[in-house]
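Engineer: Each chain is listed here by its residues.
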Amino acid sequence: MANRVAIVGIGQTHHKSKRPDVSQPEMGNEAVRAALADADMPMRDVEAVVSTNMETFEGVFLPDHWMASQTGAYMKPGFKVNTGGTTGASGVEEAFNLVAAGLFDVVLVLGFEKQDQGDTTAAITTCATPVWGGGFATGAIGEFAKQALTYMENSGAKEEHAAMVRLKADRGACRNPHAHLRLGLNTVEEVLKSGYLVWPIRLLDFCPQSCGACALVLASEQAVKKITKKPVWIADMVTVHQLPFRAGIFGDLTGKDHYSQEIAAEKLYKRNGITNVIRDIDMAEIYEPSNWEEMNLYEHLRFCEKNEGWKMVEKNMTTIEGEFPVNPSGGVIATNPIGATPVIRIAEAALQVRGDAGEHQVTRDVKTALATALGGSNWSVLTLLKRSL
Amino acid sequence: MTQETSQKPEYIFVNYSVPRIHRWSTGRYMGKVYKEARDNKRLVTNRCPKCGELMWHPEPMCGRCKVDAGDDWVEMSDTGTVLQYTYLVVPMWDPHRGERWANPHPLATILLDNGCYIYHFLEERDSEKLASVKRVKAVWKEDGERGNGINDILYFRAIEE
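Residue numbers (our numbering), protein chains in the order written: chain S, 1 to 389; chain A, 1 to 161.
Because the hints were derived from the structure by calculation, they are not lab data.
It is possible that some hints are incorrect.
Unchecked claim - Within a straight-line C-alpha distance of at most 30 Å, the following computed DSS-like cross-link-like pairs (lysine-lysine) qualify:
| no. | chain 1 | residue 1 | chain 2 | residue 2 |
| --- | --- | --- | --- | --- |
| 1 | S | Lys267 | A | Lys50 |
| 2 | S | Lys16 | A | Lys8 |
| 3 | S | Lys306 | A | Lys134 |
| 4 | S | Lys267 | S | Lys80 |
| 5 | A | Lys129 | S | Lys158 |
| 6 | A | Lys8 | S | Lys18 |
| 7 | S | Lys158 | A | Lys134 |
As the list claims (entries may be wrong) - If you want the ones that stay clear, here's a sample from chain A, every Cβ over 12 Å from chain S, calculated:
| no. | residue |
| --- | --- |
| 8 | Glu59 |
| 9 | Trp73 |
| 10 | Asp113 |
| 11 | Ile159 |
Glycine residues also receive a C-beta, built at the ideal position from the N, C-alpha and C atoms.
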């Protein structure tokens with residue numbers, strides 16, 4: 001029987017496009033201090049540290065080595081995880097596994113990305129093997145352009161629906177003091193005026209490049225009692241990977257392909273007795289690189305029936321005040337320090353479970369929350385959080 | 001040590017630029033793709049003995065069936081149908097080579113006539129006309145210019161049928 005594991009400390013930096021005032025280790029340390037302060041715990045009580053970051057974005061492949069003093073890893077077990085876009089959630093899963101296995105009682109996870117120190121899209125050159133051919137993708141934006149086209153064709157969604165998702169995200173971000181893009185958008189027309197990057201993805205349809213860090217302290221049931229009265233329990237985590245070359249990575253017009261998030265969701269829901277997602281789960285923080293993908297994910301994660309994600313948006317079901325709030329923090333299209341982004345999803349969902357999300361706390365009482373991560377060639381990590389087990 | 005009195009902080013940066021030279025092995029499976037494209041202007045791949053699907057790209061194991069994919073090599077068609085396309089509106093980086101692309105860089109997912117999907121470029125560069133490009137055929141680079149695997153195909157050209 002595995003040990004129960006809870007989140008007992010949550011900390012994040014303010015996320016911005018540039019942080020010239022701090023070095024990468026200093027920025028990571030800001031989140032570490034915030035998480036330890038939240039747990040009311042000295043750094044020496046952390047038994048192991050898991051770092052998550054897309055190292056080639058900043059160009060140094062062992063960033064955790066240079067920040068051991070800032071994370072608390074000095075003379076302690078330190079681990080580094082990179083699984084692409086899902087990196088931060090994979091780091092949380094590693095920490096979760098370490099505590100669940102009984103190897104440690106207190107583990108800190110730090111996700112960080114300082115994207116002002118390199119060129120992210122150019123750095124993604126180091127993601128693909130050159131042997132498989134050159135130039136046949138336009139980075140992440142091109143893949144999500146194809147997903148948007150597939151979604152439009154299959155579901156009948158219009159550009160206006162994608163714009164409504166951005167408006168919802170921005171309203172959340174404007175209430176979240178940590179969010180990067182807080183644009184104060186008021187109308188669908190404002191979103192539709194933004195120019196195309198890769199047709200049909202507009203500038204305001206896509207996530208930004210952010211600098212920021214987010215840390216969590218995970219503890220065993222035994223340690224939790226000494227640390228906090230408001231633990232957020234990690235009920236379950238599921239990871240599923242996919243193959244790199246298919247007809248469509250995030251949206252497949254052939255209808256033949258499987259999506260990792262569908263497979264992961266099926267496993268997670270089955271293992272946890274979830275039969276009606278928007279009844280059994282109270283809110284979700286999902287990893288949506290674009291507003292089009294958010295609507296797609298509603299369907300893959302079974303928040304609604306196939307081709308009906310845009311209808312949830314039209315009915316305002318996923319707003320902060322809605323029946324099933326999604327991304328009250330503003331989500332990834334407001335804030336995207338990549339190595340930290342999935343940690344932020346879990347952190348924000350945990351704040352909602354604790355009732356500590358402040359201005360962007362959702363109306364619905366959150367006893368159970370879902371956090372997702374998406375990356376690579378449609379890789380997925382899902383996390384189910386609960387107030388009590 | 002004296003305390004700084006300046007109101008405006010001074011940020012000091014270190015510029016860092018290191019070109020890295022790489023030499024990747026194509027290997028047993030992709031090596032065959034490179035050789036056939038270079039020598040015979042042919043696309044080849046292997047077929048999984050269990051599910052019968054053509055693999056693209058060719059690999060020693062089928063990821064879905066988790067079995068040895070073997071050496072049942074098949075010539076792929078170089079004609080196909082455009083399933084989906086997109087194009088750049090602002091210049092982007094080539095994620096494989098770190099070079100800037102010119103616009104509109106039309107890219108397509110193409111269903112080859114024997115059932116494989118590949119990503120490749122379209123010859124048509126007028127974004128208004130791209131929607132009418134349906135049936136396409138590969139245009140290969142000239143003899144002596146090939147040696148880059150799937151990139152030995154310049155682009156796919158619209159054909160009338």
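Engineer: Would you mind confirming whether the straight-line C-alpha gap from A:Lys129 to S:Lys158 stays at or under 30 Å?
Structural biologist: Judged against 30 Å, a Cα distance of about 22 Å means the pair holds.
Engineer: Can the restraint linking S:Lys306 and A:Lys134 be considered satisfied, given a maximum Cα separation of 30 Å?
Structural biologist: 28 Å, holds
Engineer: Any Cβ of chain S at or closer than 12 Å to A:Asp113, or is the non-interface label fine?
Structural biologist: 15 Å, holds
Engineer: Quick one, are S:Lys158 and A:Lys134 close enough, alpha carbons at most 30 Å?
Structural biologist: Status holds; Cα separation ~24 Å.
Engineer: Does the alpha-carbon distance linking S:Lys16 and A:Lys8 stay inside the 30 Å limit?
Structural biologist: 19 Å, holds
Engineer: Holds or violated: A:Lys8 with S:Lys18, Cα cutoff 30 Å?
Structural biologist: Between A:Lys8 and S:Lys18 the Cα gap is close to 17 Å, so the pair holds against 30 Å.
Engineer: Decide, holds or violated, for the assertion that all CB atoms of chain S are farther than 12 Å from the CB of A:Ile159.
Structural biologist: 20 Å, holds
Engineer: For A:Trp73, is the shortest beta carbon distance to chain S beyond 12 Å?
Structural biologist: 18 Å, holds
Engineer: Just to be careful, I want the Cα atoms of S:Lys267 and A:Lys50 compared with a cutoff of 30 Å; is the pair within it?
Structural biologist: 26 Å, holds
Engineer: Would A:Glu59 pass as off the interface with chain S, using Cβ distances and a cut of 12 Å?
Structural biologist: 9 Å, violated
Engineer: Take the C-alpha atoms of S:Lys267 and S:Lys80, compute the straight-line distance between them, and say whether it is at most 30 Å.
Structural biologist: With a Cα-Cα distance of about 27 Å, the restraint between S:Lys267 and S:Lys80 holds, given a limit of 30 Å.
Hint 8 from the list above is the single one not met by this structure.
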